[in-house]
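Colleague: Protein chains in written order, with this note's numbering: chain A, 30 to 382; chain B, 5 to 533; chain C, 18 to 93.
In short, the hints are calculated from the structure, not lab data.
Here are the simulated lysine-lysine pairs, BS3-like style, with alpha carbons at most 25 Å apart: (1) B/K215 <-> A/K34; (2) B/K180 <-> B/K49; (3) B/K497 <-> A/K33; (4) B/K497 <-> A/K31; (5) A/K84 <-> A/K336; (6) B/K215 <-> A/K31; (7) A/K33 <-> B/K215; (8) B/K497 <-> A/K34.
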Amino acid sequence: MKRKKIFWRRFLRVTVSGIIICSMLFLLQRLLVPKYSVGTQDGAMIAEYYDDAPKHNLIIIGDSEMYENISPLVLWQNYGINCYIRGSAQQLIWQSCYLLEDTLRHETPEAVIINITSMQYAEPQKESYNRMTLEGMRWSTSKVKAIFASMTEEESFWEYVFPLLRYHSRWNDLSDDDFRLMFSEEPVSLNGYMMQVGVKPAENVPEGRPLADYTFSDTCYEYLDKITALCKEHGVELILMKSPSVYPVWYDEWDAQMKEYAQKNQIKYLNCVNNDEIGLNFRTDTFDGGLHLNVGGAEIYSNFLGKWLQSETGISDLRDDAELSKEWEQKAADYDAKKSEKYKELAMDSDDS
Amino acid sequence: MQFVSYGFLLFLTVVFIVYYLVPGRFQWMVLLAASYVFYLFAGPKYLIYIVATTLTTWLAARQIDLLKNRQDVYLEENKKSLGREEKKLYKAATKKKQRFMMLGALLLNLGILAVVKYTNFAISNINAVIGLAGGEPIGLVSLVLPLGISFYTFRALSYLIDVYRKTIPAEKNVFKFALFVSFFPQLIQGPISRFNQLESGLFTPHRLNWKRVSFGLQRMLWGYVKKMVIADRIVIGLTTMTGDTATYTGAYVLVEVFFYAIQLYADFSGGLDMAIGAGQIFGVTLPENFERPFFSKSIKEYWNRWHITMGAWFTDYIFYPISVCKPMLNLSKWSRTHLGPVLGRRLSVYLSSFAVWLATGVWHGASWNFVFWGLSNYLVIMVSQEFEPLYRRFHQRFNVDGNLLYKVFQVARTFLLMGFLRMYDCYDSVLTTWRMVAGVPFGGNWNVLWDGSLMQIGLTTADYVILAAGILLMFLVSMSQRSGSVREKIHAKPFAVRFVIWTTLFMAVLLAGAYGIGYDASNFIYNQF
Amino acid sequence: MDELLEFLEELHPDVDYETCDTLIDDGILDSFDIISIISEVADMFDVTISAEYIVPENFNSAQALYDLITYLEDEG
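Could you build the full structure based on these sequences and the hints that come with them?
Modeller: Written out as structure tokens, the structure is:
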């Protein structure tokens, strides 16, 4: 009798203290992780994808050349393409690969566009970029594989599992936002698009330095092969794309390799560098001197892309879908509101200076 | 594998589970396997060294034991036929063989240690001489320094000598001996335990004892607090200062003395807390290595309370053998008749202490800094030994014995003296150390202590607050420890109190620990020795 | 024995060697004292206490020390 009592008392103690410690850890973790929606917004979109209904017929995967250059609203309004951009800063090719794997778990689009700028990086570049890409992913084998493929030497897998371990010393610079956004972050993108409104013309663009070796590494090709195979397996049309930009340089030797790869694997490759058909003007359509497009440029480019997709892939026009149309009406309103707000901010900033 | 790593915690968990799942008689094998896995993490190339040391010392000790058995049998069988002199001769012959075995293994292992640890030191000294003569310098060799070699070599040698001295019998099972040499909690930084201290803990079966396991975990947690919250944080400021000897002079050096004392103690004793705690989890009691060293009233006392197992090793295996060997006793006799009783009696102590401190210095590291550090300790201890009668008279005259204020003075004096001696660790050369320490009173920059300059050395206000709290806690724990185990005292408290105490410490490590990206996960200082 | 006690008292006048059996455990004798004792014993009894006999049990009391000396005299 007495023994039983002691057992239950112990059991209760262990359970209660376990619960208390776990909830403390959970709350601390929510508090201390950086809130991307108010900080480095480039890390917020990967997680936002899961909030949108999985009914996209186009998925775009890549880095800032995707999420700042393509306006999903234009693709919808003019071509009836319901697209989502799974973009993150400095996204590496294996991250694109695992993001694709992750996406295919939720839905099967008609086409997937992969940005191949990242073919030039065979090594993880920076911890913070890894974090921005990986933290937003939901847990799955794809995420685990993506983490192991991406970690730099100083990183640890456990710090992805328990981000508290990574951000434990952030208590020193907490802000009100950290408390406010503990449990839910504000959306920052429109279907993965991050709008930029500034204008900074491309001037004095430096020449590309000749490289010793232009061949993309085997590691990158391995992942590209994996991407190709995934798309084949799911019956998804794969398009490799290089976004329009004047800098950094996209070498002809690189272009040739991608052309060859696309031909060999019977997939499409769309290189938009120096493509006059698009109608971009890098004096007005870029916000950072020719690296990325501003909203004006993105809309021009999206029109080109939509037309190209329609003629080259026969992607379906979903504007008949009433539910989607309704959603997009709302999104269009948000888009316009954001645009005018951003322009207002811009005007104020230039007044200040 | 570092104690401060996710890998180690995972490793420990796995070993713990397996250890208490297997039948008792297999438990030590689990520890042996775990220890070798632990060692393999440091790199397979190191393995050959520890295996070589294990095998040679085990074999030599075994031979010594067998020789003794053979002698016993022979003497027993021929009890009647042998005369006293013959027996004596036979014994002497056996002793000679045993000594040969012992010295052979001893020199071999010290040789390995010397080669991997001191080759480059020797080369650079030779180069300095060659340089003076204007010759071509010899290239340094790249030798791997096997993990914990100074520690496990000393453990193995203590066993060898103890068997030779018949203090302990030789272990028949080479695998059991291998576990003693490689037991993973004490592999990296000690303690330098003795075989008879660990034998029963390592090889007898243990059932899961909740209190023992939780005490072990608590001890480890406290070690993590010391290491991660205090040592790894204060080191940021310390390296800023010691790395720039042009800027940080005068009063800064005094700050360095204080910082380094705290860092070294928190780092080293914290690491030992982790080791001893981990041992306790498996039911193995490792010897203590620290006994509140900063409360010592003299340097001699300090060395009985700091790095205790190393001090004991040097006393037992270097100091005594040298002081009581025949030539030394003869010298002592000669000096007493020729130099008078006072000096005569001490000459042997002086000589053997010199050897001990030279060895202690060299053991700590292959550089002149450590040699001078060791000899400075020697000098201070000998001088205070000479002054002791004077002190005693002073104490009696002014009746300060037992006076609290006087005790505090003694403790502060010892702390400062040891602190300044320790500065040999912090600078790149002996001369720099002398210059920096000698410059303390002439820096003319006492204002840096309060004018905010100390905020410019890489530590923020938050860092100082954490450090102050950590140091205060460490001090309070030491104060409480004087009247018995702190964990026992906490254990006697109600559950809620215990829960709050341990959870707070856990959260302190988690949130205030200086770990992960942004902090240089600094190695334990004592790894390299 | 008396001779030995006399010397020990000279070393630490404040210790009662007749009764104290924790000379080492309580840190009354330190390593320097032990060396003094051994060299003195070497003179007095012509006995060499080698390093292997320097264990706490042999030095914790005057009696233990005396027993050790007697043992070594017999052995030699």
